[in-house]
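Visitor: Chain residues, written in single-letter form:
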Amino acid sequence: MSGNSQIVFENVSKFYGEVLGVNRVNLTLPPGVTSLVGPNGSGKTTLMNLLTGLVRPTQGRISVLGLTPDQPEEFFRIVGYCTQFDSFPKDITGYGFIHQSVRLRGLDAAEANRLTWEAIERLGMTDAAARRIAGYSKGMRQRIRLAQSIAHHPTVLVLDEPLNGLDPMARAESIALFEALGKEGLHVIVSSHVLHEVDKISDQVVLMSYGYVVAEGQIHGVRSEVKEHPMQILVRCDNPNGLASRLFSQDQVVEAKLNSDGKGVLVRTQNADQFYLLLNKIVLEEDFGLEAVAPADDDVNSVYQYLIGSGGGTV
Amino acid sequence: MSQVASAITSLRTAPWQLWASQLVTLVRIELRKALWMRRSIWIYLVAFAPAGIIALHALNNPMGRSCTIQGDTAAMAAIFQFYLHGSIFFACLGLFTWLFRGEVVEKSLHYYFLAPIRRELLVLGKFLAGLLAAGLTFGVSVLLAFAIMYGHFGAPGRAFVFDGPGLGHLFAYLAVTALACVGYGSVFLALSLVFRNPIIPGAAVFIWESFHAVLPPLLQKLSVMFYLKQLCPVLIPPDGILALFTVVAEPVPAWIAVAGLVALCTAILVFACLRIRRTEISYVTD
Numbered sequence: 001m002s003g004n005s006q007i008v009f010e011n012v013s014k015f016y017g018e019v020l021g022v023n024r025v026n027l028t029l030p031p032g033v034t035s036l037v038g039p040n041g042s043g044k045t046t047l048m049n050l051l052t053g054l055v056r057p058t059q060g061r062i063s064v065l066g067l068t069p070d071q072p073e074e075f076f077r078i079v080g081y082c083t084q085f086d087s088f089p090k091d092i093t094g095y096g097f098i099h100q101s102v103r104l105r106g107l108d109a110a111e112a113n114r115l116t117w118e119a120i121e122r123l124g125m126t127d128a129a130a131r132r133i134a135g136y137s138k139g140m141r142q143r144i145r146l147a148q149s150i151a152h153h154p155t156v157l158v159l160d161e162p163l164n165g166l167d168p169m170a171r172a173e174s175i176a177l178f179e180a181l182g183k184e185g186l187h188v189i190v191s192s193h194v195l196h197e198v199d200k201i202s203d204q205v206v207l208m209s210y211g212y213v214v215a216e217g218q219i220h221g222v223r224s225e226v227k228e229h230p231m232q233i234l235v236r237c238d239n240p241n242g243l244a245s246r247l248f249s250q251d252q253v254v255e256a257k258l259n260s261d262g263k264g265v266l267v268r269t270q271n272a273d274q275f276y277l278l279l280n281k282i283v284l285e286e287d288f289g290l291e292a293v294a295p296a297d298d299d300v301n302s303v304y305q306y307l308i309g310s311g312g313g314t315v
Numbered sequence: 001m002s003q004v005a006s007a008i009t010s011l012r013t014a015p016w017q018l019w020a021s022q023l024v025t026l027v028r029i030e031l032r033k034a035l036w037m038r039r040s041i042w043i044y045l046v047a048f049a050p051a052g053i054i055a056l057h058a059l060n061n062p063m064g065r066s067c068t069i070q071g072d073t074a075a076m077a078a079i080f081q082f083y084l085h086g087s088i089f090f091a092c093l094g095l096f097t098w099l100f101r102g103e104v105v106e107k108s109l110h111y112y113f114l115a116p117i118r119r120e121l122l123v124l125g126k127f128l129a130g131l132l133a134a135g136l137t138f139g140v141s142v143l144l145a146f147a148i149m150y151g152h153f154g155a156p157g158r159a160f161v162f163d164g165p166g167l168g169h170l171f172a173y174l175a176v177t178a179l180a181c182v183g184y185g186s187v188f189l190a191l192s193l194v195f196r197n198p199i200i201p202g203a204a205v206f207i208w209e210s211f212h213a214v215l216p217p218l219l220q221k222l223s224v225m226f227y228l229k230q231l232c233p234v235l236i237p238p239d240g241i242l243a244l245f246t247v248v249a250e251p252v253p254a255w256i257a258v259a260g261l262v263a264l265c266t267a268i269l270v271f272a273c274l275r276i277r278r279t280e281i282s283y284v285t286d
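Sequences listed follow chains A and B, in order.
Position 245 of the first sequence, counting from 1, maps to 245 under my numbering, and the rest follow consecutively.
Position 153 of the second sequence, counting from 1, maps to 153 under my numbering, and the rest follow consecutively.
Honestly, the hints are just simulated from the structure, not real lab data.
Take the hints with a grain of salt, since some may be wrong.
Listed next, the in silico DMTMM-like pairs over lysine to aspartate or glutamate satisfying Cα-Cα at most 25 Å (straight line) [said to hold, decoys possible]: (1) K107/B to E161/A; (2) K107/B to D273/A; (3) K138/A to E120/B; (4) K107/B to D298/A; (5) K281/A to D297/A; (6) K90/A to E106/B; (7) K107/B to E255/A; (8) K107/B to D299/A; (9) K90/A to E250/B; (10) K183/A to D298/A; (11) K90/A to D108/A; (12) K200/A to D299/A; (13) K221/B to E250/B; (14) K227/A to E161/A; (15) K90/A to E120/B.
Just so you know, these numbers come straight off a predicted model, no measurement behind them.
Let the hints inform the model, and build the full structure from the sequences given.
Guide: Written out as structure tokens, the structure reads:
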């Protein structure tokens, strides 16, 4: 994949005086949904601000599809950023807010009007568009900012905690939107504390802690690199007791215990691939009725807990 | 030579049409904000105060009963000096520093920084919007003050304006007002990009501008007032302490004064453009 279709951080550091923002970040982000995960103060927002040129790196280089923020006409034509700042120009309506930002792109009034309504409708804000943003609820403000960031059809969409303040219905709709945008080939970079929700849509994750990138890549790959925590696999079958006793004596199995619902065996293994081969063999030999086999901790939340832990901060 | 050629090529290929369209949009947005914001009320009060004072004078002296055109012309010149030193200075301080500082206080500057618009264009657009707002406000105020000052004399006043030097004075006052807005506007816009709170640097500029006459000749040329004073149509006799504000130590021709002021402001705006390139959004950090 060429560098012109990727977002590249090369040895990027950012210090605010003596305070570390991020340190020696090397990342290459391909298209799709990338989740930035980490506790408060881990550097997620700094990384996003660096990517969009709101702050400048103390050292290192960032390029977004071959462009840098020093070329704003080209750069911000392809980049949209929904920041965490819950603030707006004074006395502005939802429509005016988006229309103004689209007009600044040099578009004529008719085209700006079309793009504005398209974004407003996509985020379900049509009824509130003519009202002043000062009277919006937090969720509505979040949605109108989201609409503003996608109104110009960006190729790279950066979203800082976009699910904050949204009700469950709006959350589900937003997640579906991010997923759809990712599938359309956009780079969607999203930071969120709601791990189980971003987990569903992420093609890759970047785990951050204290300004450092702790791990990055597809979640399965990241999980398999965490050697100190054996992989957990839940096996559902018609005879969990029998399977548990059979597995217990195997070398590849660190632990085998009945699942809390009594309908399966939760296995911990250092080598998942070998365990799957072993399981196939046992099932054939003992004639167990296998119902499902699935990793139990192959998700963002588990990886987060293993690598950063609850001591890392709020999640 | 090749650098010159590449500079010419990049100027030719620059997206001038896009920049023009963005500039118009930006000026429209900023002008609306500058003219209609609630905190502009004190600027209007300050701007129209001289017109109010002259109106009171006119009411006390209908048809110029106990005053003369010569006397009122001198009074107008003195009032205008105070207007330049006080009203226009402080109103420009409030208006132009707020162009960027207001965005930082309201945490909305990042919307501009995330738009596909050059930051230099942002400086220029905000400056032009501030200039239009200030020029319009102070221009109307000067026009009003002048009309009241000579209108209350009746026919002699009209004759002074239309058959005498009055119209020339009016144009000179309007031009100096516009140049004052250009000068102070550029200074305060640049200050707001350097300092978070412009009050102390604003006070320093006020002292510099007020006492520039006692500075060495070279430093005097770094003062907006140095150029403005020379363009005023009616000279005030340098008497007493007021001499500090009215004396022109080294007079220069009008065209040099205008060119000097424009050069000074251009240099300040170039500095502001360079400064904004390095400006970061830091209302909060993660």
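Visitor: Work down the list of hints and note, for each, if the structure agrees.
Guide: Evaluated hints:
no.	hint	in the structure
1	K107/B to E161/A	holds (17 Å)
2	K107/B to D273/A	violated (52 Å)
3	K138/A to E120/B	violated (34 Å)
4	K107/B to D298/A	violated (40 Å)
5	K281/A to D297/A	holds (24 Å)
6	K90/A to E106/B	holds (8 Å)
7	K107/B to E255/A	violated (53 Å)
8	K107/B to D299/A	violated (36 Å)
9	K90/A to E250/B	violated (47 Å)
10	K183/A to D298/A	holds (22 Å)
11	K90/A to D108/A	holds (24 Å)
12	K200/A to D299/A	holds (9 Å)
13	K221/B to E250/B	holds (10 Å)
14	K227/A to E161/A	violated (30 Å)
15	K90/A to E120/B	holds (23 Å)
Hints 2, 3, 4, 7, 8, 9, 14 from the earlier list are contradicted by this structure; the remaining hints agree with it.
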